[in-house]
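If you read the protein sequences in the order shown, they are chains A and B.
Each residue of the first sequence is one higher than the one before, starting from 0 at the first, in numbering that gives the first Met the number 0.
Each residue of the second sequence is one higher than the one before, starting from 0 at the first, in numbering that gives the first Met the number 0.
Warning: the hint list may mix true and false statements.
For identical chains, the list gives no copy identity; a pair is met inside one copy or between any two copies.
Claimed, not checked - Result set (EDC-like, lysine to aspartate or glutamate): computed pairs, CA atoms no more than 20 Å apart in a straight line:
1. K86 x E287
2. K282 x D131
3. K2 x E211
4. K156 x D75
5. K172 x E273
6. K282 x D75
7. K80 x D31
8. K223 x D209
9. K156 x E249
10. K156 x E273
11. K151 x D131
12. K289 x E50
No wet-lab data here; the hints were simulated from the structure.
Protein chains: 2
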Amino acid sequence: MSKPVIAIDMGGTRIKIGIVQDGILLDSTSIDAYSTNGLRSRLPYIREAVENLLKPQQLSLSDLGGLGIASPGIVDSHRKKVLSIDKKFGDAPEIDLEEWSQKMFNLPFFIENDARSALVGEWIYGNAQNHDNAVLMTLGTGIGSAAIIEGKLLKGKHFTAGILGGHSVINYKGNVCNCGNKGCVETEASTWNLANMRKSEDLPASSVVDYEMIFTLAEEGNTKALEIRNQSLQAWSACAVNLIHAYDPEILVLTGGIMASSSSIIPYLRNYIETYSWTPWGKVHLTEGKFSGTAALLGIAHLINNQ
Amino acid sequence: MSKPVIAIDMGGTRIKIGIVQDGILLDSTSIDAYSTNGLRSRLPYIREAVENLLKPQQLSLSDLGGLGIASPGIVDSHRKKVLSIDKKFGDAPEIDLEEWSQKMFNLPFFIENDARSALVGEWIYGNAQNHDNAVLMTLGTGIGSAAIIEGKLLKGKHFTAGILGGHSVINYKGNVCNCGNKGCVETEASTWNLANMRKSEDLPASSVVDYEMIFTLAEEGNTKALEIRNQSLQAWSACAVNLIHAYDPEILVLTGGIMASSSSIIPYLRNYIETYSWTPWGKVHLTEGKFSGTAALLGIAHLINNQ
């Protein structure tokens, strides 16, 4: 049995913190991310949340095996640094997180990209188990991805291989993305861009514009919602085809907040990739992730113990 | 010193045949491909061409170390079979090429995808030397690609990883490709689709419609040629960004017949990828291949000796 570890998933809306032991999430909590304000100001709250998690488990820091962070952006998992990040947590590259972890908890530290962490979670404990060629696609605030090829987590020379699926160009005459590129999947269909895609007068006034609302309104026949839903399903499908063509997986695992509407998404994408992707050997198995929102915690915990 | 080997590159227009020893092309020839008529009827001519090459070199079959084929399409390099192929050489999957090679030449046999072979040629002997993270993109009748990541030629579980860059979706609302997918790079800009892209009345009457003509006419200010040139440069650039985002290379090597117009292509693509790809570590080195049209021969020859 391994020692329990602290696992932190830096989501753009909520930061999740969990205690994980051998693939089991013993307990977890989350705090507001306020990610546009940066990460540094959240560190004291993360520390507090960790302490609050340990007490009821009757655990002290000396009982733990490490602390791991699943972060958005490009992460150097050898030097344990965030190298580059989209708008969320923009100050992360300037923070020495290993030093912070050392000072606050005195524990072995590990950091990896969040989609890679989630794929490892699904690979070791979830729906990608026993598949040594697997791709994960996360649909949420942004679109993330990760790939395992022939049993190896794909990283590449500069740690960007596999994780930039959301910045796959699917509309080369399209709009500029957050990342500076043109026509990325994210600019065509992700939560951060929903506000631009909708025209407020066409949809009911609401402080929340999310895909759950879009899918519900589309079911009810709202024209604008139908248009957004259909374009989004096409964009995610094209992204899925690009990931399949790039990495040759047996299985494609879908996760992320937008998968709350999975019953509308899975059948569409499955039909699309079976029709349009070039896989003469057979069909890529398309499935939802096993762990709704906690795969990255389980994955980063596994990586701490196996770095 | 290795024994010389026979290297065959099944191009869609010409089949090239060479004798290669230690990265040197001792001699080569080519025959018409008539690739839409299939491969089987060309095999006797390939045999004849091999014999004609050996004589002046004073080589007999017993002096040779093997025979290798660089083929378009999806190639199983373990079982040494073409698995699936676009319109060119459509009968190749039904031919036991290893048996043919055995019967005709009694030599060790190897087969690999043509873009992968060309990348190996550039990696071992050409412009990608000393780069263990390299991507090749071929611009020609179709668009091909291949990738080496951390010193390993990327193949994937079903031998499709790396080679389907031409079937990366860059226009998800676009037209249907030869491969059955929608909005592939190839459908937006490759030689096979030029006849569809032009409107004959807008360009001078000519039996040949190729990119060299398009680039020349564009220089002269022909409106339709300019439109095709500009769309094609954008499409290839988006493909290059997708390959960079997928595989994280240090270097991107461009080859293929369209590179006859490299002086118009390289500066555009270089500027585009430096502007739009997400490479916080620096700039991907974009370069033309060293071997105009013979990289696949050198690469497959290397692979025969190192299978």
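Practice problem: Please write out, lowest number first, the hints stated earlier that are contradicted by the structure. | Solution: Result: hints 1, 3, 7, 12 break, sorted rising.
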